[in-house]
Amino acid sequence: MPSDEKAPVKLSLPLEFQQDIFKELREEDELVLIARGLGVLRIVSNLLHSYDAAGNNLILLVGAEERENVWIGEALAEHAAISMAPKARGLSLVNTDLMSVGTREKIYAQGGIFSITSRILIVDFLSGLMNPETVTGVVVLHAEKVIATSLEAFILRIYRQKNKAGFLKAFSDQPEPFTTGFAPLANMMKNLFLQKPALYPRFHVTVAKSLEGRKKAEVIELEVPMTEAMRDIQNAVLECVEVSISELRKGNTGVEMDDWTLDSALHRNFDTIIRRQLDPVWHRTSFKTRQVVRDLTLLRTILHALLTYDAVNFNKYLDTVLAASQPPPGSTKHNQSPWLFLDAADTIFTTAKRRVYTGKVSNDDLVSNPNTVPDSLEPVLEEFPKWTQLAEILQEIEQDAYLNPVPNDTSNGSVLIMCGDQGTCRQLREFLQTMYVRPEGTVEDGTDEDEEQGPSASFMMRRKLRNYLAWKRDFSKVSAALFSENQKAINGSTDQRVQSGKANRPPPNKRRRMRGGGSAGSGPSRTEMGTVRVAGDRDAHIASLMAELQPTEVEAMQKIEIGVDPLENMDDYYELFDMNDLIVIHPYEGDMDEHVLEETKPRYVIMYEPDAAFIRRIEVYRSSHTDRTVKVFFMYYGGSVEEQRYLSAVRREKDAFTKLIRERGNMAITLTSAALGPQESFLRTINTRIAGGGRLAATAQPPRVVVDVREFRSSLPSLLHGRSIVVVPCMLTVGDYVLTPTICIERKSVRDLIGSFANGRLYNQVESMMEHYKAPMLLIEFDQNKTFTLEPFSDLFAPTTTIGLAVAPDLQSKIVMLTLAFPRLKIIWSSSPYQTAEIFSELKKQQDEPDPLKAVQLGLDPAVAGDELRSFNQVPQDMLRAIPGMNENILTTLTLEVENIQELANMEERELVGLVGTDAARRIYRFFNRSVYDGAEVALPTL
Amino acid sequence: QALPSRSGPSSILVSPRQKGNPILNGVRTVAWEYSDIPADYVLGATTCALFLSLKYHRLHPEYIYNRIRDLRGQYSLRILLTMVDIENHEDSLRELSKTSLINNVTLMLCWSAQEAGRYLELFKTFEHAAPTSIRAQQSTSYSDKLVEFITVPRSINKTDAIGLVSNFGSIRTALNAGPEEVGLIAGWGEKKVQRWCNAAREPFRIKK
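So the protein lines, in turn, are chains A and B. Numbering-wise, the first sequence is residues 7 to 949 according to the numbering used here. Numbering-wise, the second sequence is residues -13 to 194 according to the numbering used here.
With the rest of the complex left out, here is chain B (with noise of 0.2 angstroms):
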């Protein structure tokens, strides 16, 4: 996929502050430089990140929040990159989940600094990448079509699909079998057959 040619700088932009921070280490597919920057990280035109360990801000507790004073309501998606390195991660999650809310800024937790070095690879890969992955259903070949279909009930799985379409050789056939047709079918037990037809039969809307 060709990415669209970019405005900003095609590097991270990395503050002199994140010098020695291991999860550049991480940061492998995706160039970056030192920059004098207000956040730890320059993603994209309009997208920055702060770095924070759970480990720190318990001990710094005001730390953040004067590097978030900092960027000065700067960029458009401000993200709060967390590493959660201690155990009871619960107190501090919720306070910064507050936070987020408050101050406008978008937490991500990882747990490790491979991780938080792809995050950033991440951020930066997709700048200018159309959600359309994430945005609808991917488009597949008819038996993954018709195998997903028909896996939607509980406990129906492949095999039991391919059985089943195998007998009635279309999903309408199927659909219009009755329980006692279905159950015939090696694999297909009473709860299976009752769940199918149910599901092709059940009107779509609860009915008042």
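This is chain A alone, in the form it adopts within the complex (with noise of 0.2 angstroms):
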């Protein structure tokens, strides 16, 4: 223990890497870089503890989730309690929602330790409310989100120049993104201003040796094979996959794809690889590319949910799926998503049927004789292999327990089961509770039944079925009466439709899904003749499943809603098997896990889908307590997408941390970054222009900047600050950036100039800019890694029509409009923000400095007291901008006058009508009550 400290500290850090890593900590500055599942918040919430115990410390933690401040607040004073150091103070939360700026110096002044948000703690250190130099010090978590135009940079940036003498420790458990571009472990290291990293992966000597010296924890891995359906449906996806990247391939030929391949499709990520490849051309790439990215999500989205939603639940999120991509109204079946032409996709949906009812109904039957109930539609319900599995390992366990009646060590006895999220839990929590529960007197159970009654989830999926059935029918009301008018649209379109058309649709509520007719659409190519699949199945099928279905006696006795937990808030658990043994489920959740296995202290652990952080908490777990022993049974599909990701994860993280240690074994040493010194500023601010020297310009006031400090989000404000201009938070009304008396500038990325156009909201924004200030600017910033062009890649160069573009103009026509309506507004095209900092420089050279007052209060409606009112919280906001009826002023009002988005939609019509009039108020009452189950009320009025 440092000898600096009266304060006794008891530590919890049983491992001797554990204390290794406190102990550098303690000496000096690093960043320490280690594997995940190692638990990086037990090593920061003790050195913090060590810290907190002095006392009289302004302590910074930054970068840390909501999620990690709970753990370290609950550490923080589990510590204290122990150690019982009366200097202690805990953990305080600083963010928006819960302080205003006058209990944040308050408290600021006192001490202690704050985890504050990003975007407060840098408009602090700037307006002063924080002085750096009265920092003790600063942690950082996740330290790989540091890259050098971040906030956090910013905020390690202004913190190191002001204040020399505090310590600065930064921690990441994810070595990944260090090892992505040049020298980028000594970048990072140059971001947050430390010299030394250290590396502790997995393979560590001191780590292995803390883990592995003593008993190892007993693990069995059970390889479970995926069922044929199960195998079908995840090549249909890939299958989807492939075609979907060789499109992508195909419209954007400029573009570096070699990696594009079905072997990257595995990865966790694919879809945000292929994203982030596009990225820098986003802006240029079609709306087909577009909608194949995103179609590339919904296809992982599918895969994950073939491994963890039951039958019964996949089939119905492919029917949403189903419905959502139908095509947007006016459009013809081109727009439909490529995938959806093929094959495979065809076996997906077919096939993901099959694994729920079967029907012996061909497709001639149905289209010559719509209206006969086939009786010959059964229930198949498959199940998954999982479960069987799950419940013959519980099985053992219960005999393991009854042998060996007696634990002879300080475990529980408990059983620890962990899955990948809340739903994956919820399942199994039903499963274990009604697995034994048999629905009698069914035609399939009581032939199949071997007399031994084996587990089996048939209750419960012949319950989800029921509820399946239900909302199916509510469903096909629901796509009828959203999507008619898009039906319409296309039944309009006849050229297109000669071929699988058959002129005479039937009504909606008799539609059904076409199937067998894929064979037409079988290439991407094709799309104009491909089938299209509509959402929604004949009634008859149902009313035939449910009578089937019918809940039997037993079934009706189980009249528990079991979806939803009682127990639900009780920390998830509940009490299976009697006395004190537990099964308890839980979802992984990082650095969490920890807690649960201290918690629960169980003897058996089944990991029903694999995750390498977990498997390495267990290892910790079981090397900081010999008197317990755990035994891990490990369950992954076999050959499936789950098993490749865990893989692929673990020899990432690996090939991470040997790059690593490679780099820093050459990586050159940056000596303190020499800051400004007194008389390097002075010389900055002499004008060299003026003969002399000039004593006047020496006087001067260093250059200044007005930015309102929602821009804070951006990069540019610290951008502007490494250039020595000094950058004067507020809230504006009126632009985002105030450069001198008369030049006020809306900053736009080029996402956002889409999106604001879309709605309006730049109009009005340029319009109030030009109320208030003589040169009102529109900066269009492209970001620095994206191509430096509006143009897209393909599509533009159609002949275009007058008519044509005043229905659908596309960017550059609205950003002519826009200048034709404001001949006044200057535009400025900023390849990168380092650029846009340059140019503004620029601009200010021989200006008058801006007054941050005046700028506060220019805009600001009289009626409005107090520049605090106009803070708004931005997606609410933007919701409401969705609501149709909506226009500015009515928005504010809205704000003003109702809480929140859930009262609104409360409101009655006639409170409504008081505050925004009646047409207004009859749409927006309209628009939240309007039922979707009702077909009727379509009709909408329109503008």
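The set of hints was computed from the structure by calculation and includes no laboratory data. Some hints here could point you the wrong way.
[To be verified] Partial list, computed: chain A residues near chain B (C-beta under 8 angstroms): (1) L244; (2) T307; (3) F481; (4) M673; (5) V822; (6) P890.
[Unchecked claim] Derived DSS-like pairs: lysine-lysine, alpha-carbon spacing no greater than 27 angstroms straight-line: (7) K196(A) to K665(A); (8) K851(A) to K144(B); (9) K359(A) to K144(B); (10) K483(A) to K84(B); (11) K170(A) to K196(A); (12) K144(B) to K256(A).
[Said to hold, decoys possible] Now the stretches of chain A that chain B is said to cover, found in silico as 3 or more residues with beta-carbon under 8 angstroms: (13) 316 to 322; (14) 643 to 651; (15) 756 to 769; (16) 900 to 911; (17) 933 to 939.
For each residue, glycine too, the CB sits at the ideal point set by N, CA and C.
With the hints as a guide, bring the two chains together.
Here it is in structure tokens:
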């Protein structure tokens, strides 16, 4: 323990490598990169406690997520209680929702450990609410996010400029981001103002010794085979992915895409990888490309859903997917996603359905005789192989516990089941609760049953199927109500539909799935004549299935709605066996899992899905408690995407660490980046254009820019500060940046630009700038890594007609309209935020400095008192904008008079009339209250 | 959309200086004719444009200033149509940004002759058009509005939106639903549920 402390500090770091890291960190500043699952938060909370106990500190925790704040807060309180440190204050949270400027100032003065949202911290630093010199030290979590232009890097720069003595420690448990780009580790170290990286991979000597030296945890690996149907669907999805990728290749010839292969599709994030690759040219890609990228995300979700949702829910999800993929109104079938036309897509949908129920009725039958009720439909209800496996394991555990009744250690004898998410938890809970309940009297159960009653999910599945069918009934109405307009639009374009249209489309309530016609459109190139899948099913199907599935007596007795667990709030566990034997089902939650292990002290752990970090956590847990034995069952589907993902995650982490170790070996050490001395900053303010140095210029103020606080999400304020311009954060109503008393700038990234043209916000923003400033400017800022052009790849130069343009104007036409509407508006085109910063200082040359007070007051509604009232939450605002009948006036009224979206939705039409007038009130009320089950109310007032 | 009758000539006026400029090949849907004018192009009664290639600008930096001076403050909207045809455009663009402020010209960038031609067309075409399509939300069908509304919070997509309303029947019930209920819908993971429920309950105004 360091000697400079009087207070006794008790730590909870039993393992050798944990102690090593702690000691190192107490001695010097460094970046700790540690493998996932080795408990980075435990080290952080111990470290914070050691400072906390000493008292008289102002320590900032930067970059912590909400969950981590809770974790650290609890851990600090616990530590303080254990070591009985009188000076410890625990963790204080600062985020906008809770604290005003005044309170913030007061609690900063008191000191302690603060976890502050970066955006607030930077504003407080810049506005002088918190003086960086008074800070004892900074602890950075998620150091992988501190890239050069990030807010965190900005914070650290200000901190280090003003404060050379305070400590600075950074942590990360994700090595992968540190390995991309040129000399990535060295660059990150520069951003973090640190010199020494400490790497702790799983194969580090001390780590390995700590975890493997003593008794190892007993692990039983179980490879569960997928069912035939599951494998079919997985292959079909992968085929769709492949086709989508080749479609992307075709559409974007200018982009490097050698590694867009099916192999990379098995990765966890193949959609994000492709998106990132397309990102530099995103604003130039065609509608089709964007659609395919969206499809890829969807396909990945389907792939995930296949392994986690039960057969019924999976089919239900696919139904929604199908409905959502209906083409937008007014468009032809050209715009349908290409993968939907594949045979593979057909396989996905039909196989998924066959897992739930089968019908022997052929397509022709239905066409010729649509009104018969086929009796031959029967539920299939395929179960997950993992369920049976799980039941077997539990049985084995039970036997084991019976044979060795007294645990000879301090663990609880409980069983911990870990799975991917809350949904799976819920599913497993229900399965375990009902696996011995039999739906008696049904045909297939009677025949298939052995005399010995094995566990089965049939009860649960039958209940789910009933729910599903009820839902399905409503759903066909929903899609009829929502998409009838689209259908009409499609039917209207008859020239497209010669082949598959069969002119007499049945009325919406009798629409059925057109199966079997898939051969007509087997390739994406033939989209015009492919079949259109129609969501919704024949009511007849449903009726017969409902009859089939009438709850039996046993089922009726189990009346409780099991889906929503009554114990939901009681830490997600319930009693299954007598005594203290518990089965706890829990989702993986990163570092929180450590707590789960500590609290449940399980003797058996079943990993329902593979997770590399959790295996390490068990290792840590096992080695930390020599007196506890743990038996681990590890389950995965053989040959599935799940297995592939697990393996590649492990491999990638190992590769990343190997690379990092190599780079650390030959990394150039950057010595302290020389901050500006007083003389230098004096020289900067001297204007060399005035001969002789000019007394006048030397006494001038340093350059100053007033920046809207919401702009701190972007990197520009940081870069302006880097060019030694004083950044004054303010709550601005008009504009984003005020450079001089006359120049006001609205900054738009290309993506924002498209968005704010679409909802009309930009027009209003420019209008108010025109009103208050002599030189309003629109800054169109491209990203550093994006191509500096607005030109689309292909589809622009088709001959356009005047009428076509007026109907669907593209980005360029909208900019033209804007300049025509506001001739005084100037446009700045900047290829990157770096470039913007240079342009700003160019514009500021020889100009007066802006007055922050005046900038804040401009454009404020005199009726609204105080500037604090003007701060709105962005998401609900954007949602309000999407409501029909909305305009800026109504928006302002509503945000001032109504608390939140929920309240607005629950308001009566009468109340709304009082606020916004009859017409808007009616439209808003109808928007919220219209029932989608009710197809009759389709007509909507047009503008 | 019928354009109101215009006062000026119905075609783009082109200065003879621009003869042979490839961007004229890009002007196809609007008629153009040569005329003796101080600007390079006259696109309307109060709109004119000067064309500048950055390649040329680097060689003759004084050229554009002379041209702007020759306009003698005529026209209220003066476009400086700039073709970015060099790699290191940063310095020139910075300088032009400053110029645009001082000399009251509006900078428009284009990256190819075709695009430049299209800009000329657009300026002429929209000469008298009202800026309705950028002014407010375009009205669309109920289902579009509904999907747009639900997909505002990040990571919620169209499939999720349809799953949501089809389970709850109307937006109001969907907004009133608790996290457990929303979580039961296929496709709605914890993050989405959280974001949706937060969006519904988050106050419009940030509390003091």
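Hint check:
no.: 1; hint: L244; in the structure: violated (20 angstroms)
no.: 2; hint: T307; in the structure: holds (7 angstroms)
no.: 3; hint: F481; in the structure: holds (5 angstroms)
no.: 4; hint: M673; in the structure: violated (31 angstroms)
no.: 5; hint: V822; in the structure: holds (4 angstroms)
no.: 6; hint: P890; in the structure: holds (5 angstroms)
no.: 7; hint: K196(A) to K665(A); in the structure: holds (18 angstroms)
no.: 8; hint: K851(A) to K144(B); in the structure: violated (49 angstroms)
no.: 9; hint: K359(A) to K144(B); in the structure: holds (22 angstroms)
no.: 10; hint: K483(A) to K84(B); in the structure: violated (59 angstroms)
no.: 11; hint: K170(A) to K196(A); in the structure: holds (15 angstroms)
no.: 12; hint: K144(B) to K256(A); in the structure: holds (26 angstroms)
no.: 13; hint: 316 to 322; in the structure: holds (count 3)
no.: 14; hint: 643 to 651; in the structure: violated (count 0)
no.: 15; hint: 756 to 769; in the structure: holds (count 6)
no.: 16; hint: 900 to 911; in the structure: holds (count 9)
no.: 17; hint: 933 to 939; in the structure: holds (count 7)
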